[in-house]
Structure formats: C-alpha cells, structure tokens
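Mind docking chain U on chain L? Use the hints.
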Amino acid sequence: MPKYLLLKHYSGGPTPHHPFPTMDQWAPEDVEAHFAFLRHVGTLLEESGEYVGAQALTQAQTWVRYGGPDAAPVITDGPLPETSDLVAGWYMVDVESRERAVEIAAYISSEPGPGGEPIYEWIDVREVMS
Amino acid sequence: MDRRARGHVLTPAELDEGALRALVPRVLAGLVRRGEDFDAAEDALQEALLEALRVWPEAPPRDPRAWLTTVATRRLVDARRSEAARQRREDATHAEPEQAETEQGDDTLFLLFCCCHPELAPASQVALTLRAVGGLTTREIADAFFVPEATMAQRISRAKRTLHGRRLDQPGDLAVVLRVLYLVYTAGHAGRVDLAVEAIRLARQLTLATDEPEARGLLALMLLNHARHPARFDVEGRIVTLDRQDRGLWDTREIAEGVRVLQSALTAERPGRYQVEASIAALHDDAATAAETDWQQVLAWYDDLVAVTGEDPIASLGRAVAVGHVLGPDAGLRETERLRGVLGERHRWHAVRAYLHELGGDLPAAAASYAGAAALATDVAERDHLVRQAARSRAGLRSDA
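Residue numbers (this note's numbering), protein chains in the order written: chain L, 58 to 187; chain U, 1266 to 1666.
Chain L on its own, in the form it takes in the complex (with noise of 0.2 Å):
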C-alpha cells in the first residue's frame, strides 16, 4: 500500500480558494467547530486502517547552509517572498491508492473556517517513496 504525505500550509501554495482572517480572529465557535474537525479527522482515519503519523509545526522558519570550511553555518529565516511556502503540518497515511489519498485531502479541505462554511485549504499531495 502506498503513503502519502498530506501537507497543509501557513502560506504558500496555488492561488486561496477566498480569503480569510487568522483564527484568533474567527468567532469562538467557529474556532471550537475547526478543532471539533480537525479531531474528528483523525479519529477517522485512525479507524479505517489508514493513519501513519500526524505533526503540527510551529511557524518560525529559519533556512540554514553550510558556511564553509571553518566558517559557521550560514542562517537567515529571511526577508522570503510572501509567496514562499511555509508547511504547517502533516498527515501521512497508508492507503490503497492515489486516489483514497486524494479523496482524504478533499475531506480534511472542507474543514470549516469562519461562519462554519468550508474554508477550501489546498493540500499537497505527496507520494512518499518506498
């Protein structure tokens, strides 16, 4: 059975379906309503057979390189464009096919944003290798 990687992003990523506010500024039922989701998406997929692992990550990015011979490492977390892509987090599953990978991105997408109406999230979808 192949695995997939499911990512959801902070930023980054084709054209937002619509735009929307941080969180911390929806109504508190929409916030419970989004983890009430989020929750009930791993359940889910814990119940069908087909959860691997799941991790959130904090937001502050810092790109690194090797600096050279007896040189430190060379550190910047920016100025990026601000279309750049900054992963949030990840689902991996263990499904049938590209196509059940697929269909649970679409779900974890449709989770509901301000006002409980769907917030249309793009996920990346990424086969991961054997």
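Keep in mind that the hints were calculated from the coordinates and are not lab data.
Check each hint, because a few of them may be wrong.
Unchecked claim - Counterexamples of contact, computed for chain L against chain U with all Cβ distances above 12 Å:
| id | residue |
| --- | --- |
| 1 | P73 |
| 2 | V88 |
| 3 | L114 |
Stated by the list, open to error - Now the in silico label distances, taken between C-beta atoms and shown as ranges:
| id | chain 1 | residue 1 | chain 2 | residue 2 | range |
| --- | --- | --- | --- | --- | --- |
| 4 | L | T79 | U | E1602 | 34 to 40 Å |
| 5 | L | Q82 | U | R1603 | 26 to 32 Å |
| 6 | L | E153 | U | Q1419 | 31 to 37 Å |
Claimed, not checked - If you want the footprint, here are the derived chain L segments under chain U, 3+ residues with CB under 8 Å:
| id | segment |
| --- | --- |
| 7 | 75–84 |
| 8 | 91–101 |
These figures come from a predicted structure and were not determined experimentally.
Beta carbons are placed, not taken as given, at the ideal position from N, Cα and C, and that holds for glycine.
Same frame as chain L, but now just chain U:
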C-alpha cells in the same frame, strides 16, 4: 536457582510489573558493587528483565531478586566468554553474588548518581535513569519520547560509553539528580508508561535515601501538581486553566501527602527552589475556589523563589502574575516589561501578559497578546488553547464568563 520450580505461586502483587521494576536498582547496584562494569551489568540486567517479563507469568520464581541476579550474572559470564574467545583470553569465572544486605535507599541513590552523571546530556540522563533505576524497557522509554526504539537504545549505549572509566563510587551531584527527576515528571503522560507517575515513584525512593530537604521538596511539588491532573483537561482534551478547573476532581489524597512531605522538608529550615515552588502549589491546592486563592501569600513565596533562584526569569514571570493579583494588573504588566529582553520571544511571556490584560479588562490587548503567544507556542494543546483565548477575548467574552 530453579526457575522452573512451580511449587510457589506468586500473588498478583508479586507478579505486578511495578514490583519487578522496583527490584532493578537493587539488583544492578549489587552487581556493580561486587565489581561488575556498570555498562555491561546494566545491559545484562535489561536482558534479564525482558526474560522475566516473558517467563514469569508462566513460571514465577521463588525469589525474584535472586532470579534476576542469577540470570543477569549468566548473561555477563556469556558476554565475557564470547569476548574472551574472540580475544583468546581466559574464561573468567564468577561466583554467585553474595547476598550482602544493603539498604535499598543506598542502592537507589548510588545508581541515580551514576545515571545523572554531570558529563551526560539531560536527554541521556533521563533515558538512563528510566532504564537503570526505573526498570523500564528500552521500548517503553522510546514510546514515551516518540522516538524509534533503535534510537533510544543507541542513546543509552552512548551514555554508558561516556561513563566508561569514570569513577562511579563517589557521591554525585544531588542537584542534577533532582533536575533529571523533574524533567521526567514534566515529560508527562504520553505513551503506555505514565512518566509523571514514574517520576513520583523515583522521587519517593530518593527521599528514602537522603535527608536533603530539596528531595522532599521535589516530591511534594510533584504530588501537589499531579493532584490537579484529573481536572487539567476536559473530555475533548482541551486545556482547563487553574482558575476554571473543577476542584472537586482534584486528588485530595495526593494533596494531603504532598502537604505532609512539604511540611517535613520545611522543618529542616534549608529552603530551596523545589520547597518554595511546592509551597506555592500548596497554596493553590488549598483554595476551595479560585477567588479564595491567598495571592498575598503566593506573592511572598514568589519573592523567595526569585531570591533562591538568583532571579530566574521564569520565576520572575510567575511572580508578575501574583503581583497582578495583589497590586493590580498594571503593576503585573510593569513587572513583565522588565523581562521583555530575555523572554520576549517565548510564548509564556505573551500568555502571562494576555492574562494580565484580561484581568484588567483590556480585552483587545489581551486578544493581541494571546494571538502572539499562540504564534510562538510549541505544544499543540497549548497553541489551541491560546487561539481559543484570543478568539474569546476578541469576541468580548471574559474567559470567566
């Protein structure tokens, strides 16, 4: 020792894994005291422990401690034999261990000093302590820290290699031992093994081995905090802050024990950070409602905490909350200002400011600070809690509404 002897059936208490694990430090200390290398003895005992978990349910030994010693010794001899064969050296023969009765407390302390050797990194001290003193298997420790078993096994063997050749027969640094046990406690409740409970067990053993009041202070602190654990999360797994917890869920037995242990530590009149932190925890545990918290006393203890820790910034941040309650939110916020340089990039600093803004009724400022804290949080449950607080504040709801 005939381990197939079936004459004696172990009672459920004896078969209990906890009882088995409690034997580990005693057996290991015995092996090391009679001259075995710590590294080899610890490996051999780990193998004996896995063997015990496998065969004891079917064939319980008459004397579990002697069984573990014998099997571990056999492994040591086997290991030495193959080593000897490889190096064409003579077989070393080993007598049965002498059953010199040492105090259990001495064994624990001796091994804690080995495992918490100051030359080891904290992660290694924790892993080694859990295995050699806690009697956990490598897999259980790996599960608790969400790393592969092979990684944890490697971490443990590297730690033991670092200890190789060091003199382990001298008293170690008790302050390091206390810090390691506190790290185990705060590592929390993930995985099959509850590390907080494990830390309490180890701290209790430590208090039997030393009269140092800080050891009792640490045990008291763990008990007084752990007592609130049942109220700390709701059924959905959401964080419930101290001021909103259902105090009926607190474990009164643990609070009573914590207070008793703390009082016995304080009579020594040698204060230290754990005794002071435990005293603060006791004051919170003592309040029937959040409104009845004796903030005046809490602040007095925080003054002590800041003094005994040499103005530790995190202690000063905790003090700012107490200042906010005693002298008003603005005074508390002024205290946090002084810490901006050191803690300004930490989520806790923003969360404390958010709390103080909220206490003062400045909800827009509270919302901004909660959002700032959420953006810096490194724990998912905490991040989600801070996002909720931000949304609630922005919506104009007081969190105590």
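Against the structure, the hints:
Here P73 of chain L stays apart from chain U, with its beta-carbon at least about 20 Å from theirs, past the 12 Å limit. Its closest Cβ contact with chain U, about 5 Å, brings V88 of chain L to no more than 12 Å, contrary to its assignment away from the interface. Residue placement check: L114 of chain L does not keep its beta carbon more than 12 Å from all beta carbons of chain U (closest about 10 Å). Between T79 of chain L and E1602 of chain U the beta carbons are some 26 Å apart, a value that contradicts the proposed interval 34 to 40 Å.
The beta-carbon spacing between Q82 of chain L and R1603 of chain U, approximately 30 Å, falls within the hinted interval of 26 to 32 Å. With their beta carbons about 35 Å apart, E153 of chain L and Q1419 of chain U fall inside the hinted range of 31 to 37 Å. Under the rule that three or more residues need a Cβ within less than 8 Å of chain U, the assignment of the segment 75–84 of chain L holds, with 6 such residues. Counting residues of the segment 91–101 of chain L whose beta carbon lies closer than 8 Å to any beta carbon of chain U gives 3, which meets the minimum of three for the stated coverage.
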